[in-house]
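Engineer: Read off the chains here:
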Amino acid sequence: MEISNLPISPSIRSKLLSKGYTSLSSLSSISPSFLAQELSVKLEEAVEVLRAVSDTTTSKSAHIPNGIIPGAVTAWDMLSEEQMQRHISTGCEDLDAILGGGIHCKEVTEVGGVPGIGKTQLGIQLAVNVQIPVEYGGLGGKAVYIDTEGSFMAERAYQIAEGCIYDILDKFPSNSREFLSCKERLQVNNFLAGIFYFRICSYTEQIAVINYLENFLTEHGDVKLVIIDSVTFHFRQDFDDLAQRTRVLGGLSLRLMKLSKMFNLAVVLLNQVTTKFTDGSFQLTLALGDSWSHSCTNRIILHWNGNERCAYIEKSPSVASASAPYLVTGKGIRGINSNFKRARIM
Amino acid sequence: MANKLISQMGLPPSLSHVFSARNILTAKDALSLPETDLMTLLDIDIALVRSAVASISEATCPPFQTGLALLEEKMKSGGHLSTLLPGLDNALCGGIPFGALTELVGPSGIGKTQFCLKLALLAALPECYGGLNGRVIYIDTESKFSSRRMIEIGEGSFPQIFRLQGLAQKMAERIIVTRPTSISEFNDSLQQMKLTLLQNEVKLLIVDSIAALVCWDNEKGTISSRQSPLRGSLSFLKSIAEFSQVPVVVTNQVRSHSSDDTFHYIFKGHRKDTSNSERSESHLTAALGIQWAHAVTIRLIFEAHSGHRFIKVAKSPISPPVAFPFVVESSGITLLNQEGISVAGSEINAIRCKGCNILTQ
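Line by line, the protein sequences are chains Z and U. Under the UniProt record's numbering, the first residue of the first sequence is numbered 1, with each subsequent residue one higher. Under the UniProt record's numbering, the first residue of the second sequence is numbered 1, with each subsequent residue one higher.
Take the hints with a grain of salt, since some may be wrong.
Think about it this way: if two alpha-carbon atoms lie no more than 30 angstroms apart in a straight line, the pair counts; the simulated DSSO-like pairs of lysine-lysine are [claimed, not checked]:
#1 U:Lys-354 / U:Lys-144
#2 Z:Lys-261 / Z:Lys-106
#3 Z:Lys-183 / U:Lys-74
#4 U:Lys-28 / Z:Lys-261
What the hints contain is simulated information worked out from the structure, not anything from laboratory work.
Produce the entire structure from the sequences given, and follow the hints as far as they go.
Structural biologist: Shown next as structure tokens:
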């Protein structure tokens, strides 16, 4: 690896090159004070440079137990880890089935669709379902809801939480001893208190909150889901330089992916649609461009199929492309075959 | 928050001097650049850049609330402007919500301005009569505001109040009408409004209609750019709504819907939808495009078919898709059916205008 690839400031790099230090080996046996004198920089800066050098060289030759490369794990270890993972149910059994159990943790899932199809409804449903206690088949974690459009309505979250609790109590017999203790936790107010809500009014705040999430998640270790509704809105409004927008979005998606792996949580991004000129006509596609479409692990498109709402898995590394119909009811997102009474919203 | 100055964020002085020396003064400047660009620009190493960005982000990030706190806040402040149409109020869980953008879209002459006039009156009424007891700002871009009609609606809906001496005048004095003639004037008045909304106890903002503003701007030849000229105003309207927690009602126009307009996803293939051909004669679509449709929180579609007029709740986070038949009377809009008719599927987004044209009868 060359000096030019080291993460140091440009002026120090140019000084190194002008003094003839072009490769890492030339710096391997120099003391910090000698380097400081050579480059006429402060001692601390010389120490930093040598530390950067040693970081890059030791990583190549360290001994790691299982993987040959530091930070790697074998596929077998990953398989056992994946099988132990719980998924976040969407509320609709058909959709859960085609997703392989639900929304996966440690992955970034993008959900997009036309206005009014139910993206925010799905977001709120996931924020409630992630809090279902482990005894009832859920993750028992909390949710972070980052709202950029102002479409989160607390009254609707209340309705959905109520509907979720009603269905759980319906499904599980409530007389067994182990369920009695966590039944007390099944209160609508507890579910609402477990959603951390951020209201974002510009793309600067959006970038700031994603940067800040690392600290926040370290403090609140029980968060298992981060939803951004929607990731597109501010980036479509005020960003004039599209190339810069692509770079900033790339940085955002990398950071989100890192957060999902580090804290073992699911990240769900809600996206809008736009039209794109392909094959001689305008087609509907998710917003933010082609480069963004590579950033997410999974992609689900919600669309109208005649008079039905359908969810189509457009992109996923582990499940096949498939479509499942779903309904938006008074109690939240449900499948078509589930037994329910269509409750009127009062 | 985006324009927060870096110098006031409590960074170590040497660091904030480096930022200001390179003309990166606000959080927006710093966070819009990727970290490697910042490193090159400021000539400091990556670890320092990362910690600086982390501190700036923490300072710029808005505080969080739990869902429970949000609900309690909503309960306290009421949260809705009742339209006095029981069916619609039920469907919207109380009425037009505070802090969100509600859009009324429909063909011309169907009753959108009548609805707005009644809302303006309702917001101005004292609280004992179900109003918000505040001022109303009515931005009238098509010169449709008629104070005489509004007083007529008032006398029809609340006869006992309006006969009281001087009350009609007091109500009318609370409604402030402005008539901007260009988008820049509109933006300027929005900017000033942000400060004065709270001071002057404005409880409702109506823009009738927003589509007209875009039509004026087309003269400058911006049709070539695919980005809407309303971009800046849109997010600003939303932030005004959030910031001052007032309901914002916006009226939109319709334009005709040709079969080319039916966009499909790539994965659905090119299927010829035969049912579309019979609908295309009366099929209209909302103006301002899909970006606007995403941005509004609640969309109420006014349409006419089979000899009746309907208000449909097309897009709303808290309502099922229902349609209410209505008529326009001297006392404003009245619903004929308080229960509402449930509308299945994508029909809820269709706008039709059949059966109310006198020439075809």
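Engineer: Give a verdict on every hint.
Structural biologist: So, going through the hints one by one against the coordinates:
1. Between U:Lys-354 and U:Lys-144 the alpha-carbon distance is near 24 angstroms, which keeps this suggested pair within the 30 angstroms criterion.
2. Only pairs whose Cα atoms come within 30 angstroms are accepted, and Z:Lys-261 paired with Z:Lys-106 is accepted, the gap being roughly 5 angstroms.
3. About 28 angstroms separates the Cα atoms of Z:Lys-183 and U:Lys-74, which keeps this hinted pair within 30 angstroms; it holds.
4. In summary, the hint linking U:Lys-28 to Z:Lys-261 is supported, as the alpha carbons are separated by about 28 angstroms, within the 30 angstroms threshold.
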